[in-house]
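Sequences listed follow chains A and B, in order.
Numbered as in this note's numbering, the first sequence ends at 403 without a single skipped number.
Numbered as in this note's numbering, the second sequence ends at 420 without a single skipped number.
Treat the hints with care, since some could be wrong.
Under the rule of at most 35 Å between Cα atoms (straight-line distance), these lysine-lysine pairs were calculated in the DSBU-like manner [what the hints assert, rightly or not]:
#	chain 1	residue 1	chain 2	residue 2
1	A	K258	A	K355
2	B	K416	A	K23
3	A	K196	B	K416
4	A	K258	A	K47
5	A	K43	B	K416
6	A	K376	A	K324
7	A	K258	B	K416
8	B	K416	A	K324
9	A	K395	B	K416
10	A	K376	B	K416
11	A	K355	A	K324
12	A	K355	A	K395
By construction, these hints were calculated from the structure, which means they are not laboratory data.
These figures come from a predicted structure and were not determined experimentally.
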Amino acid sequence: MEDTIPGVVIVGAGHGGTQAAASLRENGYTKPVTLVSADEDFPYHKPPLSKSFMKTPDAALQSLRGPRFFEENSIETMLGTSVTAIDCAGRQVTLSNGETLDYEALVLATGTVARRLSIPGADLAGVHHLRTAHDARALRDDIVVARRAVIVGGGFIGLEAAAMLAARGLEVTVVEVADRLMGRAASPQVAAAIGAGLESQGVKVLTGTGVQALVGQDGRVSSVRLSDGQSLDCDLVLAGIGATPDISLAEAAGLTLDNGIRVDTKLATSDPAIFAIGDCCNFPDFASGRRLRLESVQNATDQARAVASTLCGSGVCYGAVPWFWSDIGATKLQIAGLAEGSDTTLPITDPATGALRAVYHLKDGIIQAVETLNSAGEHMLARKILSTGRTPDPALIAAGDIKGMKAFVMG
Amino acid sequence: MITLTFIEPSGASRYIQAAIGESIMHAATAAGVAGIAAECGGACMCATCHCLVVEAPDAGLPEMSETERDVLEFTSDEMQETSRLTCQIPVADTMDGTVFKVVGR
Chain A
-7 MEDTIPGVVI
3 VGAGHGGTQA
13 AASLRENGYT
23 KPVTLVSADE
33 DFPYHKPPLS
43 KSFMKTPDAA
53 LQSLRGPRFF
63 EENSIETMLG
73 TSVTAIDCAG
83 RQVTLSNGET
93 LDYEALVLAT
103 GTVARRLSIP
113 GADLAGVHHL
123 RTAHDARALR
133 DDIVVARRAV
143 IVGGGFIGLE
153 AAAMLAARGL
163 EVTVVEVADR
173 LMGRAASPQV
183 AAAIGAGLES
193 QGVKVLTGTG
203 VQALVGQDGR
213 VSSVRLSDGQ
223 SLDCDLVLAG
233 IGATPDISLA
243 EAAGLTLDNG
253 IRVDTKLATS
263 DPAIFAIGDC
273 CNFPDFASGR
283 RLRLESVQNA
293 TDQARAVAST
303 LCGSGVCYGA
313 VPWFWSDIGA
323 TKLQIAGLAE
333 GSDTTLPITD
343 PATGALRAVY
353 HLKDGIIQAV
363 ETLNSAGEHM
373 LARKILSTGR
383 TPDPALIAAG
393 DIKGMKAFVM
403 G
Chain B
316 MITLTFIEPS
326 GASRYIQAAI
336 GESIMHAATA
346 AGVAGIAAEC
356 GGACMCATCH
366 CLVVEAPDAG
376 LPEMSETERD
386 VLEFTSDEMQ
396 ETSRLTCQIP
406 VADTMDGTVF
416 KVVGR
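The whole structure should be built from the sequences, with the hints applied where relevant.
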């Protein structure tokens, strides 16, 4: 298929790619918009894959937008199709079905690829990764027959899955090589609270322990050999050991890379007609002055809106407040901002329950990030504080006075 | 199934069918209602499913939870008396004929 007028071609139909297509139309873009997705499933929400999608064997994927939305907005979706090459000079991409598409702008929203286990036994049946709907279906089918699970990696995906599997009645052990859970994602205080919550659910947590090999019986995983010599019997292994940006296409096209696809403040790559958004891109962060690559729904969708504005001629430099969430069993962890570089940590305990409710991270007296546990209003307040730059008096923060802080920020 | 009406940002009205038990946001996004991004997927986090209730049967909608109120209070578009996060409302028989105006973002 070759459109007579080149429009925007978007590679990847995750949260970022799909939002970019929607935002282009919302901003009045009238030329063709084509969403090319290697994934065969209709564009779907990823976070529920480790949670609601696992609850029943026939739970449906949650579509990002219904089919009618794409039809009415003239967004052509090419599912199960990959872009195999970019001709930067000719502004044309080649697809896996042999067709070519001309573009006036190309948006790379290729996301990340799950890091695979690279130890003996990693290819045994019963060993899973969780990134796509395809992965999630394989895991879901296997849960039905499994009784004992080992989760390799104590990050968001591993811990969400641990809580879900424990709730399904499996015996679950989490093995984390670092000396604590969520080393890259959360503060020690929050990690400890989440770990305690999982343990009260019956999940065993082993930190400071590596996995040496997976041992199989009749082709299926039967135990995990740990670095301390221990062996854990199991019939299911889920590896949640991080993800790497999917840069293959950008690399082949000769775009500048730098822990992801390097972009400028307008999210343009080293080729001014090619943009990159979401998990795969490394962008200059206005607030911190650092380069960042973030893996989150918020980052993907906010960058999608920004790139759509740019392509419609009203672009501003990207500078949204980052936020993240993770539902780990009954615990809703929400993070606003980035804690890195802060010099003061203020943990806040809920006066009624005595449980950790929030951790505030400050630098030179200014709030940099706030982690909250089951405190949605406080999370929203934190986002407001970060976007307005109005840090309340430390005494208000330390007292855990949400109402007082709210009055200050909104007033 | 019940029928709901959404007034989209363009001013157009869209009538959709919603199944009992699914969230109103879910029914709206599946039907392609414009302006509802629902980017957090219904986790009560992003407020991009924010709608105003224009018309509803008496006691047709459930009371809002503290979390829904908290999130609404901090949305970029000011909360109004009739504001709701549609991801927090499971569709019920009592809601047939309800009219929402999309705020979204």
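Original post:
Going back to the hint list, which numbers does this structure go against?
Top reply: The structure breaks hints 3, 4; every other hint is satisfied.
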